[in-house]
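Engineer: Letter by letter, the chains look like this.
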Amino acid sequence: MIVALGLLTSTALAAPKKGGKGGGTASAPKGGGAGGGSASGGDSGEIEMDQPAGGGGGGSAAAGGGGGGSGVDSGDIQMDEDQTKPGDLSADLAASDQANATVKTGPVKKTPLSWKDIVVVVRKPFLKVRRTELYPFVGTTMNDNMIRHESIGGEFNYYLTDVLAIGVEGQYMVHNFNEPYDLVARQARRLPTLNQYNWETALDFHYVPVYGKFAVLDKKLITWEAYFTAGIGVGQSEVVPRDTKYPGFTNFLIEPNIGASMRFFLAKWLTVNIGVRDYVFVDKFEPTDRVMYPTSTLAQDHADSSLINNIMFQAGLSFWLPTSFEYTTFR
Amino acid sequence: MKKHTLFAALLAVSTAAGSASADDKPTAPISVRRLNDLHNDKAVRHRRLLLRNRFEFTPLFESTINADFQHTIGGGLKLEYHISDMWSIGVVGVYGTSIHTGLVDKLVSGPAALPTMPDGRQPSQEQFLDHLNQMPIHGAAYISLTPWYGKLAAFSAAYVAFDFYFQGGVSFASLTGNCPTTVCSDMAPGQPRPNPMPGGENLPPDNDPNNDPPLNTGGRAGLYLAGGLHVFLNDFLALDLSVRDYAFSDNPSGADFNADRFVGQNTKTGEDDNRFLHHLFFGAGVAIMFPTTIKRTP
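Residue numbers (this note's numbering), protein chains in the order written: chain A, 1 to 331; chain B, 1 to 298.
The calculated lysine-lysine pairs, modelled on DSSO-like cross-linking and capped at a C-alpha distance of 27 Å, are:
| no. | chain 1 | residue 1 | chain 2 | residue 2 |
| --- | --- | --- | --- | --- |
| 1 | B | K151 | A | K268 |
| 2 | B | K151 | A | K219 |
| 3 | B | K295 | A | K213 |
| 4 | A | K268 | A | K213 |
| 5 | A | K213 | B | K151 |
| 6 | B | K106 | A | K245 |
| 7 | A | K124 | B | K151 |
| 8 | A | K220 | B | K295 |
| 9 | B | K295 | A | K219 |
| 10 | A | K124 | A | K268 |
One-sided excerpt, in silico: chain B residues whose CB lies under 10 Å from chain A:
| no. | residue |
| --- | --- |
| 11 | A112 |
| 12 | Q122 |
| 13 | G150 |
Stretch-level coverage of chain A by chain B, calculated; a stretch enters the list once three of its residues show a Cβ under 8 Å from a Cβ in chain B:
| no. | region |
| --- | --- |
| 14 | 183 to 189 |
| 15 | 201 to 213 |
Source of the hints: derived by calculation from the structure; they are not laboratory data. Ideal Cβ positions, reconstructed from N, Cα and C, are used throughout, including at glycine.
Required output: the full structure, derived from the provided sequences and hints.
Structural biologist: And the structure:
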């Protein structure tokens, strides 16, 4: 019996278009139907989704595939049972508990199927598997109070599954100085040692462990997801000379990166992304006693190294190709 | 040809395996099958009212983001009453301590450190440090709007409710400093100094802001803006993450900002070295909701 219930449940979810015997519900459509009885042997209780009422299709055969199609036509869904009753959550929960207790403690009984037996699992509204994401973005540094970099860049990601993607990114950066840069010079009579970042590119992997939905002002539902990124790339930094008399120099950087982002779904082909990315690298700065090393080569050879976390906030629109998708599972 | 044969063989094996698994796999009884939390959930449920008419009590931790001279880290409390699903009122207060930023560390040690004694227009290390202020107490009173709420699934296993909120109100802070008169010795910054010689004319201002009192202490009031989210761990506990901006007039370095060579009100321009600054904090706390039981939408 348990096996029968298991088959019934799985079949009902996965293959709603089979015939079979049921318990002969009161509202089962009656009809002649000298159908061919194409039912699946003794399997029973499956849901007939498209059987015309009173029709004599063979789909609703009785057990054994006799195809009687008369009185005990089976497996149909009761649609009118609850329609006249007001919703009562506590009663439903109590009934659910009672039903579960029965399953756990006693033998399984065959009962007629109704809408109450169908677990509604809403499909994910957006599928990404085997789709390509084109993500132009703008960004800004978050953790440097001397120099702020603003960037424009893009990502090109391909989703191997719905939660895993591989991609490449690149960005070009420009900089400007913040208030403390001037203050330190005027108040403490010290010129800050700074590097500017010119560009960066990386190979990234993305993993999407979180998805959800939220209501905006009780009016509109928006689906979103959160994903993590890890990658490895290269970039370039350039010394900002404290004294323009001395030339700066550039550094080639190996830049691992990690990040976390959120994606909000606006259409099947369009999402809004925001995220934070930490680019980690060892950078070389202009030596303090620059006068001793007037050329850029000498200065670079005697540069001071430091581990840098360049944390950037990024935001942009993602365009998805193909622009649409099809579900491969039943609703 | 070999490739085709291999492919056909693989296909046959995989098909057979699939059929076997589909046909022969014994179906476990529901009582022993692995089920997640959704098993006992109703398909369409009345929404849990996680905020409406509830009192929120949130012990929290806060830390400055990108402070120039002194990081402030501390603990505090947020008290909030949710009038409806969207609107609430509350107060937050934090007691904190100060830690030097990397910039300050570089200015008091290392090859670019300030001199130990005043040297021309360079402040000494003592002058520089004594002019910095601290923010032991800060807080805000606010109105909060929660326009977004929803639920999320993490790793297809944990299903939790969350909401985003935005707050606006008034901020307050208590700023302290400790500049002894031996360091901040100029009692009349920017003003002519009395001549020690009897009957002599007053001396011009010393034009040295490094010995002026910093004028960056005392109580401050300003604007407060914040955004954050609750992630509900159950019906009455939620993780509370936020970014808060306490904006008020301040001069964290206590030094001359407007380049008039003294610290204080410039009678000619009306400018002060204090200016309206944003003090960004990251906060994390655990919100406890009272009553601990919730209602659902009718």
